[in-house]
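> Taken in sequence, the protein lines are chains A and B. Everything in the first sequence is counted per the working numbering, starting at 3 for the first residue and increasing by one. Everything in the second sequence is counted per the working numbering, starting at 578 for the first residue and increasing by one.
Hints listed in this document are in silico derivations from the structure and should not be mistaken for laboratory results. One or more of the hints may lead you astray.
Stated by the list, open to error - Have a look at the derived ranges for each label pair, beta carbon to beta carbon: (1) A:A22 with B:I1075: 41 to 47 Å; (2) A:G11 with B:I902: 54 to 60 Å; (3) A:S28 with B:G1033: 31 to 37 Å; (4) B:G1037 with A:L7: 52 to 58 Å; (5) B:V1136 with A:I14: 18 to 24 Å; (6) A:L7 with B:V1159: 25 to 31 Å; (7) B:E898 with A:K41: 27 to 33 Å; (8) B:S811 with A:K41: 38 to 44 Å; (9) A:S28 with B:H1052: 40 to 46 Å; (10) A:I14 with B:M1137: 22 to 28 Å; (11) A:K41 with B:L1112: 43 to 49 Å.
As the list claims (entries may be wrong) - Simulated crosslink set (DMTMM-like; lysine to aspartate or glutamate; CA at most 25 Å straight-line): (12) B:K641 with B:E830; (13) B:K591 with B:E830; (14) A:K41 with B:E845; (15) A:K41 with B:E1198.
Glycine included, each C-beta is placed from N, C-alpha and C at the ideal position.
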Amino acid sequence: MEQALIALGAAIAVGVPALATGWAQSKIGSAGAGALVEKPELSGVMIILVAIPETMVLLGFVVAYLIIG
Amino acid sequence: MIKEMSKIQLVGSKTQLDECIRLLHAMAVVHLETVPMDLVEERGILRRLPLEKDKLIEKESLEKAHERVKNLVFLLKSRPALTVPRYRIRGLLEEMGPVEERIKRLHAQKETLTEEVSSIDKYEKILRGFAPLISSLGGLNNFDIVGLTIERRRHDIIGLLEEEIKRITGGTYELYARAIDETTSGVILTFPRKYSGQIRYLILGEGISEIRLPDEYEVMSLASAITTMARRKSELPGLLRGLEDKLESVSDEWYPVLAGLLTAIEDELDEIGVLTYCAQTRYCFVMEGWAPRDMTGTIKREFSRLFGEKVVVRELEVKKEEEDIVPVYIKNPGWLRPFEVFLKALPAPRYRSVDPTPYIALFFPVFFGLIVGDVGYGAMLFSLGLFLGWQFRKKQKTETLIDIATILTVCGVSSIIFGLIYGELFGDLGERAGILHPILFDRVRALKTFLILTLGIGVGHVVLGLIIAAVNYIHRGKPREAVGKLSHLLLIVSFLTILGIMFKYVPEGLLTPGLAALVLSFVLLTTIEGIIGPLEIIRTLGNILSYMRIMAVGTASVVMALVANKMGGLEGSLIVGIIAAVLIHTLNIFLSILSPTIQSMRLQYVEFLSKFYEGGGRRYEPFKKR
């Protein structure tokens, strides 16, 4: 039982930030696609903006690792 | 690296201006600037150079010729262009008259035939269903046949239409309806010709579309239109092929010449355009621009050789406030140049800031290799990179595509090297076959080691970014900013040291110096950058943690490879297993191009370049031939 709860905790720790990252990236991505049509030179900035929310899922991954470890 | 630039000024006799511009054009090293207004106003005798009447006429005629040749080139099939010298422009423009007519005629014929093909395709579908019926009706004189299309969702209108027609004709009519496709129904209506006006008025009023045949078939009856369409349909491909062959042979003969002519005209127009950059006195002209410092000697020598003392080239002092507008010329050795492609996505760096190309050339492939880390995948990517590079060169594709292929090849090598270190060949196949064994650690089992390694790489990379920024500020004589970056560096290192002591990775003896450094860097940063300065540490720690993606994505990649091998080894049909394994490995190889590229790029752009890269510069664009 305890092991199952640990696994569930780890899954939530990585799963919820993953959803949050996906949601944030979808918003940034669609806005970015619109911006790129107008100004293609912003592609570098857009890669950076889209990549920023990934930190959330990475931190979630660390927490999950700590929970399991 | 970002090359040192010199500001140069050319002053000479106006009689030499055209020749001077031609020489600058041929040398292709000077980034021309408009002579600044303050200089023009300050020296009362200087004024802008107006375009003289003959130049304006020449410009207008060249622009017309440019439009004419451009339209013609657009109609031809692409071939490698020839170089056309300026003196051939007028002659070629006269010579191309007959061929221009021919190309336009061929193209018009091709367009007419293509249009006919598409209209036949469109009407054939509608008429085919009614063909037998129309043929039988075709013989009825004094009767009109009308074809209609009705959307299937408005199908009920057919009943209403029939009632109305019955009323108009007193029952002397025939109506046949059937589905043409999923959305449209076709209706054929035949009635005495004398009711034609009333019925067509009714159809128009109901907003129903009548099947209108293409112009050339309008005069025929529906029956003969169908027969003609079938005949034309079999003839048209042959006719189109004939026209294509003629266009191909005209393209072989004329495209290289016309494309060369177009470039020559554009060069001529550029030379006229440059006149607007100049200023003049009564007898002299003045031009200004930027050139790489190591080229100024050559420019002076060349002008002196050709014009003697009639044109003087001198270097101007670059004022401090002008540094922001100095064009930035990035020049790296050939083996580094492909990696300049990463800068294309960023605004140009500022003059005298750091060109990150050498660092990206080192770290991008290393991070890519750390993530992919498989000899098999690396070999595939290496071969793919070589193949694409060869194909792009053969097909004369853009430099950017060739650069990307080169980078893929380098990343393939890096993946092979890290594959040897991790002991991976298509996942654990190498180990199973006893060919490869992990040299450093096994990525799947030693997750913690891999995690610590990536975090260590993160600390090193971020610290290197801060050091580069500090050194650059010292080099540019900005001590305050340099101390700011060094304090930031000290804050990070001392904070990590204390963290290391807490988790017993660092000896406790370093606690006092660590704390002292932390306080000192905090005070320095607050003084230099205000209270917001020390808060940067949170962002930097986030940056360092971000390097864990190397481990996370890398592990995901190797686990997928292991899954592929497991599928291959499952009991049951060996062939199905092998096919499944090959499919999963293929998918993983494609993912191995996409995901590590994005992750490695992000680490460069967000984590590393944000520490020292200063955008907002202007790219160096020398006045050169197209």
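> Are the hints correct? Go through all of them and say.
Here is how each hint holds up against the structure:
1. Evaluation of the 41 to 47 Å hint for A:A22 and B:I1075 yields a failure: the beta carbon distance comes to about 31 Å.
2. Here the CB-CB span from A:G11 to B:I902 is close to 57 Å, well matched to the stated 54 to 60 Å.
3. Checked against the hint of 31 to 37 Å, the C-beta distance between A:S28 and B:G1033 comes to roughly 33 Å, which is consistent with it.
4. Distance hint check for B:G1037 and A:L7: the Cβ-Cβ separation is about 38 Å, which falls outside the suggested range of 52 to 58 Å.
5. With their beta carbons about 21 Å apart, B:V1136 and A:I14 fall inside the hinted range of 18 to 24 Å.
6. Separation of A:L7 from B:V1159 is about 40 Å and departs from the stated range, judged on CB atoms against 25 to 31 Å.
7. Look at B:E898 against A:K41: about 28 Å separates their beta carbons, and that is inside 27 to 33 Å.
8. A hinted range of 38 to 44 Å for the beta carbons of B:S811 and A:K41 is inconsistent with their spacing of about 51 Å.
9. At roughly 43 Å, the beta-carbon separation of A:S28 and B:H1052 lies within the given 40 to 46 Å, and the hint holds.
10. Range check, A:I14 to B:M1137: about 24 Å between beta-carbon atoms, so the 22 to 28 Å window is met.
11. At roughly 31 Å, the beta-carbon separation of A:K41 and B:L1112 lies outside the given 43 to 49 Å, and the hint is violated.
12. For the given pair, B:K641 sits about 23 Å from B:E830 by alpha-carbon distance, which is consistent with the 25 Å threshold.
13. For the hint linking B:K591 to B:E830, the alpha-carbon distance of about 42 Å lies beyond 25 Å, and the restraint is violated.
14. Taking the CA atoms of A:K41 and B:E845, the gap is near 30 Å; set against the 25 Å cutoff, the hint is violated.
15. The hinted pair formed by A:K41 and B:E1198 meets the criterion: a straight-line CA distance of about 20 Å does not exceed 25 Å.
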